[in-house]
Structures are given as structure tokens and as C-alpha cells.
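Q: Sequence:
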Amino acid sequence: MSRPVNQPKKQQASQGQSKQRFRFRFGIRLKLLALSLFLFAIPWLGYQYVWELESYLRIGQEQTMVGTARAVATALHERPSLFDTQSAYLTDVKPGTDLYAHKIHDPIRLDGKLDDWLDYQHLSLAYGQDHLLDYSDDYDPSSFHFRHMVGQFGEYLYAMFEVTDESVLLRGKNSLRVDRNDYLQIAMTDPDGRFQRYVVAPQEAGWVNAYLLSEPVDSMRPVSLETQIQGRWLNTATGYNIELRFPLGMMSSKIAFAITDVDDPQSRQMRYRIGTANPNKSDALGTVLVPSPEIENIIKGLKYSNARVWVIDKHKRVLARSGNIHKSVGLSSSAYSSTQSLKNSWWQRIEQEWLLPIYYQILTKPPADFIDDLQDAYALQGQDINQALTGMPASLWRLSPDNKAVILSAAHPIFIDENVMGAVVVEQTTNGIRTLRNRALEKLFHVILAVMGLGTLALFLFASRMSFRIRKLRNQTEAAIDSHGKIIGTIANVNARDEIGDLANTFNLVLGRLGQYNAYLQNMSSRLSHELRTPVAIVKSSLENLQLSHHTNEDAQYIERAQMGIKRLSSILNNMSEATRLEQAVQSDEREEFDVNALLTGYVEGYRMTYPSHHFSYVNEAGETLLLGSGDLFGQMLDKIIANALEFSPQDSMIAVQLCQRGSKRVLNIDNNGPALPKNMQGKLFDSMVSVRSEQATSEPHLGLGLHIAKVIAQFHNAEIQIENQHSESGQPIGVRVSLIF
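The opening residue of the sequence shown carries number 1 in UniProt numbering; numbering runs sequentially from there.
Be careful, since some hints might not be right.
Dumping the calculated DSBU-like pairs for lysine-lysine here, alpha-carbon to alpha-carbon at most 30 Å [claimed, not checked]: (1) K327 - K443; (2) K303 - K316; (3) K94 - K316; (4) K365 - K327.
These are calculated hints, taken from the structure and not from any lab test.
Please model the entire structure based on the sequences and the hints provided.
A: Next comes the structure, spelled out in C-alpha cells:
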């Protein structure tokens, strides 16, 4: 049969399209471009204005910072008394040996618990194998090590030692020796340059004082009690803690601490000695740098200069500091503040309550809570500092660790006798510049807001119209096709000469053509079945008459083959008619509620009697299950699935039927031990005219309609049907499962 084609409509459509090709079409992109062109200049102008303003202000701030650093350095030139005579003149500084007395904000309570040191714990140094001074055994890091730091508050120097010692051995009650136990040794030079040694070796944990040792460096004989060195010895679960305090006036800048570990209570011989430097050699002592109070007094007034100022020595160690970086915002913005007369005006109220909250959704306010990584710094690093210590002023821009603030630092060298003895570093953030930028943009944004408001309103109206048309086209397209993919409607033609109108007309044309083609395919099966039944009947009757007449054995063989072919052709026509009748029945059949469990019980029992060559099992794990649909159609679907399982599974194998609960859904599983499905066919087996049987596998005709009929019935019951391979724990295929989810 020939396929019907509506030729006049195609010609009319093509003529209409050819006429539209020659018309000018003002498309959506042109409309959006025309409406948006005047808005493109706004962000460009704002961008140019902001960065030009910031660049000039940053240049001015950088020059001001360099001038401030130069002015502070001028006040410190050629004043050697301000610099420590020992540490500042060292050619090199050894970390761990040359100590830095960190500024402590509150006095330390000498209780040995180290609670007052928690804020400075990250500044303490670890002492272990690299600081081993003497030993009598191979060093075991887990046996003995400690953390140590020194700090300065007022006129006192504080020291803490957090010692890890597997065996704490204190001095005996009646022992006069101070070196036959764990002890702390302190060596320093006094203000007169004399070498003094002290030892802390208590008989029990608690309050301690130091003993002054005799002058020979190899002597550990205590001479007198030094009450100015005070502290607390506290035993802990892992060792012991020591907290000490003594006046800064006792020492110059050279000092060393060393802790000796004794573990054997019998021999009481030294096992390890770890320290900052050798306390028995005056020329081996390290230094301790205490922030200079004289320099702090000089730069103390600079905290009002809206900047943070550092003074460092040539080893980049901090001698003094002044100011807070969070308050060092750079330029003042007070000149841009509103006058009192405007504060009470109606426009000012609108600006403060409505406009500025909108602006600051785009603008960024200068942060006040950014991270200051130099808050407790005792040494500074940076390219500007390196250059300043070579004798050249320099500046540097850097980001805070959290990338919230931009910090500008300027460094200027300090000269003493033509030599660079240190540098002045001045720091500010760009928060002041950013504030000025925001104030200027606030005024500019009044104009920008008006232009953007009008442009946005026009675009909103246009976009609303366009989205309405798109949604309307979407709804018409969805209504034209039902849930099973059948075309049940069309899309109305529109007169708009843009892309959406063109798309709607194209959809209408495509749906019309697809509807004609689908109708042709839907009717082809019934027409073909109807047209073939008459010639099949004629051939069948002719063969029957011919069989009654006289014929040879060879003729009988040919007649029998012809009858088999006619029988197979009749079976094919019956299957095609069955599928057509089923689709019509599904459309017209009324739904009623039935018990799935009762239906399955009866059908499985019938399968046991009908097919004794196989074993059947049924398990219900979902209880009573009611389903809205047709029990007859549901049973027909079961027959198709079971017939498919019987054909592919071997003799005497088990066909398992299981009804279970999966969440809010019920699942019917039908398992068989047949061969695995091809990987590329699992998603196609429910399509019409699809089969994985080989031509030699069976003498019966198969059009692949069985599972297709099962899918149609499942859709009638609002259920989903799936087929998949079953695998063992080792991954080998062991059968096929058909699942119905409803």
C-alpha cells in the first residue's frame, strides 16, 4: 500500500516559507542588542573611573609612606646607644641560640601550668637533637626534649620550659650536690661584663630559686642562693614544666639556658644535656634581644599617625613597634563626610535607607576583621626590608593572609657610622583609599542606578513577553504528545516574524508530518493483516483440495512444506492482530481494583500444572497488595513473561516469582536461569518487533511482540517494567530477572 501524502499542504508551506525569506526579520538577538547597547558604556565608565582614582591615590599613599619612614629613620640615625651592644652588632644570628624576648601583655603567674603562655605558644621553639650539648648515651628523641621561649614584661625577663622526660629525677633530700639529678643551668654576663652561672636543682617540685655557682667553669659547686631568680617547678605526666623570672638589670644581652637529664637513680650520671648554648663557655653564649624601651618611647607618638611603625635591627628582629594595622587605614575620608544640613534632608534619608544598601551589594566595604599575620612577629621578612638593609628605601604591596586587605609597607634604612644598623618599616592598609573610592562611586551610582533602572525595566518587559511566548509554545508542544509518545494535537500558527514565531510554525509543520507518518505506521499492521488473510485462505484451501487429489510422493512432500509455510504465516498474522487488539483493549478497558497476591497465587499454581517440565516458586513479602487496573490484562502480561522464561530456561530449572516491598513501591520479580542477555539489547527488548532468538532456535514464528505486549499492559497499570541479568558474587551471569515496579 502506498503512503498517503498531503501534497497541496506541503506546497503551500514551502510557498509561505519562500515569501518569508525575503522579508526583513527583526530577531530576538537584534532586539536584545538594540536595547542593551546604551547600557554597555556604564560598566566601562565605572571601571575606568574606579581604577584611575585608586591608582592615583595609591601612588600618593606610597609616597607619603616612604616619607614617614624616612622621617622616623632620621630621628634614629647616629644614635648607637639605642641599639643593643651585643646582638645588634652580630654578623649572624643563630635561631634557638640567639633568643628574642617577646613582648608579654600581662605578667606571668609563676605556677608552672603554662596557662599564661597559651597566646604565645606558637612562638616557642623546640629543642632536641640539633641542640644536644653533651651526652653519654645514644640520643632518643622520645626520652628527652623540651620547648622553650622567653618574654619581657616591665623590668623582668620571663622564661618557660615545657620538658618531656621519661624519668624525672630530683635532688636528694640530704644531697649537697646539684648535678646528680635533673637540673636547669643558666649562664649570663652581668651589666659589668662578668660571666655568671646559676643552677636550678630543687629537692621537690614547687617554688624554686637559683644557686650561684663558683667561678671555675668546670665546677658545679653552689656558692649562694640567688633570690632574684624565682620560679616554679611542676611535674607533669610527660615530664615537668619550669617557669622563671629575673630582673633585666641582672644581665647584659648574652645568655644561655641548658637542661641536664639524669635517669639512673643509682649511678646518677648525666645522660643528655640540651640547651640554647653551652653555659660553661663565656664565648659560646647566645644573645637575647629585648625590645628597646628607648626606641619605643621615640615612636610611641606615631600611633596617632594612622600607621603601624616597626624598628628592626640588621638581622630583621623587631626592636620596637607602635600602632595597630587594623586602625592604620591610610588616607582619611572625613573631608568627604556629609554636612549636618544634608543629614536631615529627605534625600539623605532615602540615600541612607534605600540607595546605599543597594550600592553595597556591589561595592566592597573595607574589612576591619582581616587576619594580621605580623601581630606577634619578632622578625620581619620582605623584599622591601631586604632592600632597605642594603641602604636603599623601598616599598611593597602585599595581601593579608585571608586576601581581605591590601597592605602597603615602606622601609627606610637606619645608619650608624655609615653602616646600616637596622630599618624603619611603616605599614598602612588601603582601606582609606577604598573608602574614598566608595564615596565617589556613591555619587556616580545615583546616575548609574537611574539608567540601569530604566534599562532593566525595558529588558524585563521584553523578557517577560518573550518568556510568555516560549512557555506558551512549550505547553502547546507538551499537549500535542501524550505520555506514550502519540501525537494527539497540533500547534497553532503565529504571525510573529521572529525566531519564536518561526520555531512555532516549524513545530506545527513537523508535528503534522509526524502525525501522518505515525498514523500510517499504526494502521499498517491491521491493513497488512486484513489484506493478507484472503490470499492466505485461498492458498490454504487450494492446498487442501490438491492434497485430496492423486499425487506422487514427491508432490506430497512439497504440499506438506507449503502447508507448513501457510500455517506459519497464519500464526504471524494472528500475533499481529493480537497486539493490535490489545492496544485497543487497553484504551477502552475499564479499571477496577484487584488483589495482586491472590492473582499471582492462582496463576503460579496453574503454571505448575501446565508446565511440569519446570519448577515454580512464589514468595509474597509485601502482604496484601491491591492494584487499580484489569486482572485479565495483568494475567495476560504474566503469561507473556512466563512464556518467555520457559522458552529460554533449561528443563527442570526453577522459575521464581517474588512480590516484595521497596520503599513506597511494590516490586514483582520473575527470575529464570536462562542465558544472559546481550549487553546492547537490554534496553530494546520491550520494543515492538525486537527478539534475541536465533532463527534455528525454534520452529514457531516470533515477532518480538511478547515483551512489547507486557510493556503495554504494565503502562496501563502505571507500572515500570525492567529486564536485567543476574550475577553471582564472583560476577558470573546466573540468569535473567524481569521486574515490575508499581
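Q: Work down the list of hints and note, for each, if the structure agrees.
A: Hint-by-hint comparison with the structure:
no., hint, verdict
1, K327 - K443, "holds, 26 Å"
2, K303 - K316, "holds, 21 Å"
3, K94 - K316, "holds, 13 Å"
4, K365 - K327, "holds, 15 Å"
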